[in-house]
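Visitor: Kindly produce the complete structure, drawing on both the sequences and the hints.
2 protein chains.
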Amino acid sequence: MNSNPNTSVAPLRTVDISEIITRLDVHSEMAQVEDYMQSLVASPVMVISEPARHVISAGGKRLRALLVLLAAKLNYYDPPSSVAVASAVELIHAATLVHDDLIDQSPRRRGLATVHSKWFRDAALVGGDYLFALSATAIARSGNIRVLEHLGRAAVRICEGEISLVSHVSPIDQALEAYFFKIAGKTAVLFEEGLQAAGVVSGASESEIEALGRYGHNLGMAFQITDDVLDYVGDPAIIGKPVGGDLRRRQITLPLIYAAADGMSPAMRATINRIDDGATPVEIEQLLAWVQSSMGIERSRQEARHFCQSACDALRAFPRSPIRDALEGIAWLVLDRNK
Amino acid sequence: MNSNPNTSVAPLRTVDISEIITRLDVHSEMAQVEDYMQSLVASPVMVISEPARHVISAGGKRLRALLVLLAAKLNYYDPPSSVAVASAVELIHAATLVHDDLIDQSPRRRGLATVHSKWFRDAALVGGDYLFALSATAIARSGNIRVLEHLGRAAVRICEGEISLVSHVSPIDQALEAYFFKIAGKTAVLFEEGLQAAGVVSGASESEIEALGRYGHNLGMAFQITDDVLDYVGDPAIIGKPVGGDLRRRQITLPLIYAAADGMSPAMRATINRIDDGATPVEIEQLLAWVQSSMGIERSRQEARHFCQSACDALRAFPRSPIRDALEGIAWLVLDRNK
Chain A
0 MNSNPNTSVA PLRTVDISEI ITRLDVHSEM AQVEDYMQSL VASPVMVISE
50 PARHVISAGG KRLRALLVLL AAKLNYYDPP SSVAVASAVE LIHAATLVHD
100 DLIDQSPRRR GLATVHSKWF RDAALVGGDY LFALSATAIA RSGNIRVLEH
150 LGRAAVRICE GEISLVSHVS PIDQALEAYF FKIAGKTAVL FEEGLQAAGV
200 VSGASESEIE ALGRYGHNLG MAFQITDDVL DYVGDPAIIG KPVGGDLRRR
250 QITLPLIYAA ADGMSPAMRA TINRIDDGAT PVEIEQLLAW VQSSMGIERS
300 RQEARHFCQS ACDALRAFPR SPIRDALEGI AWLVLDRNK
Chain B
0 MNSNPNTSVA PLRTVDISEI ITRLDVHSEM AQVEDYMQSL VASPVMVISE
50 PARHVISAGG KRLRALLVLL AAKLNYYDPP SSVAVASAVE LIHAATLVHD
100 DLIDQSPRRR GLATVHSKWF RDAALVGGDY LFALSATAIA RSGNIRVLEH
150 LGRAAVRICE GEISLVSHVS PIDQALEAYF FKIAGKTAVL FEEGLQAAGV
200 VSGASESEIE ALGRYGHNLG MAFQITDDVL DYVGDPAIIG KPVGGDLRRR
250 QITLPLIYAA ADGMSPAMRA TINRIDDGAT PVEIEQLLAW VQSSMGIERS
300 RQEARHFCQS ACDALRAFPR SPIRDALEGI AWLVLDRNK
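Sequence order for the protein chains is A and B. Quick note: the first sequence uses numbering that gives the first Met the number 0, first residue 0, plus one each step. Quick note: the second sequence uses numbering that gives the first Met the number 0, first residue 0, plus one each step.
It is possible that some hints are incorrect.
As the list claims (entries may be wrong) - Covered stretches of chain B, as calculated for chain A (at least 3 residues, CB under 8 Å):
# : stretch
1 : 38–49
2 : 115–125
3 : 128–137
4 : 148–159
Claimed, not checked - Label pairs and their in silico Cβ distance ranges:
# : chain 1 : residue 1 : chain 2 : residue 2 : range
5 : A       : E284      : B       : R268      : 56 to 62 Å
6 : B       : Q37       : A       : A57       : 36 to 42 Å
7 : A       : R319      : B       : R109      : 55 to 61 Å
As the list claims (entries may be wrong) - Going by beta-carbon spacing under 10 Å, a handful of chain B positions derived as facing chain A:
#  : residue
8  : R140
9  : G142
10 : N143
11 : I162
12 : L164
13 : G184
To be clear, the hints were calculated from the coordinates, so they are not data collected in a lab. Note that the Cβ used here is the ideal one computed from N, Cα and C, for glycine as well.
Guide: In structure tokens:
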């Protein structure tokens, strides 16, 4: 189907996610996702239901749910199964955030106390497991075993991404390989497999499902690289946290890898070599300032733009429509966001 | 079908699990479960694949897998889906053990170092998530969405059981309710839902599936109560750990609840009231000795016998056969085991 250009949503570079939801009139579907997730939290055990409700209510942008719903609308939209897949993806995401915050010992997320800091460590451990278990219920509700194949694979690769390390900045090809492997699992795979699951429940062809996966993977990579850039140069007042958190947790991300590849002083090299053990807080702050003013920031942005373009290219498997335009617009929004 | 009495396996009270495997010739199916689980661990990330292989290789009795395979053989045995369900159940069990050991900070299990002590805390956190994610792959392989409904429900209730507390020994009805709620989730539900899933993939009728669930639930309750009794009066040389571990971790289990219900001295009452905060190690040892010589042990054993009988009663939904006899025999083995 070709869209009427008058109903087309492009160009979307200047709008935000909530405007896309309004333009495409998916408010009620998004609300169904919220309601369904809340309805799943039925445990009589307060120390498990309260953290779960806390995390679900904290919400966030619900970008993943929106993408699943829109992708399902590219073909034959089936409300119950699409809402189920969108909810399952958000629940897996929520579960990983709870465990991620526990690993990083982060006190806050999205301005709210994290589960382990508001309750206690084991509430976060079991609470994350619980959210993951609820996602199984949501997947079962989709009624489609292929959804489980996609989201099960995502869950496996999220674990790999979560625990894998980027331990060196050189040689650069190995550093990039380790970094891309990590973020492909930690972030991109849930977009990739979630969008493929949306294709499955909406009767997409195999080549369309493949294209949705490619869109999701590339969008997810652009999303994480943008996150990693904002961690260096975002406005603390807008991103809601001080810059440099990754580096202070001794995590090597793309801006540092590209900054190092551009050449570094002996002092910076020495700090990077001891980043995991021994680099002092003062040295880390010097490294932070150096990366912020390096070419690593712009090269990382270029890389994100590259992934974003690949995401949009993948959408050509579908005829132009307001939905496809919105998916394209979201890819550029992910890139251009400042928080 | 009625079995030929000559091929019947009963009475089984004197044999063990491995003899049942031999008598019923399910060695190759059990080996398929091992092979399939090992084949799922394909991660290139060593810090995730090594702990996963460590846990899977540690094995244990594989009681859950055996029960699933036997239950599936009560009807129309389909090898791939039955092996998939048996593996999924064992993987969920393994995932919960890894997180359980992390919560309890247990250094060893089945004579081997636990994941968090052999590797590090986050390897156990993410390693448990990984085993749980692999179970999703196994469930997908079963090809049956109802398997996901059953095992997803089990996963939800395991979390509830894991985190819920038994905080008082009186009033006894409330203490029993809290204790039974906890062990029904922590232990029994995986038997209950796993056996129902076995019924689903073998074409059992709804009433047979219900009966398998009842058998599993009651067997699981008997299993956990027996565990809790052995923690008080087992032979340390046989159970492989000192007695009294639960009490030293300040956990209230059935022997203590029944001992208290039988009447207690003011000193014991005072210790129990401060079990969570303040009871000294010396007081805990005195409490331990008191429970060991109390009626709480025998009353707990009676309760386990009760559940065991209910498990066997549930099997009457099926005609007598060597398989049914074996399932009955396993219930009594669970009760009579000394480790």
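Visitor: With reference to the structure, classify each hint as holding or not holding.
Guide: Checked hints:
1. 38–49: holds (count 5)
2. 115–125: holds (count 4)
3. 128–137: Holds, because 7 residues of the stretch 128–137 of chain B bring their Cβ atoms closer than 8 Å to Cβ atoms of chain A.
4. 148–159: Holds: 9 residues of the stretch 148–159 of chain B have a Cβ under 8 Å from chain A.
5. E284(A) <-> R268(B): 56 to 62 Å: holds (58 Å)
6. Q37(B) <-> A57(A): 36 to 42 Å: holds (39 Å)
7. R319(A) <-> R109(B): 55 to 61 Å: With Cβ atoms ~60 Å apart, the hint holds.
8. R140: holds (9 Å)
9. G142: holds (6 Å)
10. N143: holds (7 Å)
11. I162: holds (4 Å)
12. L164: holds (8 Å)
13. G184: holds (9 Å)
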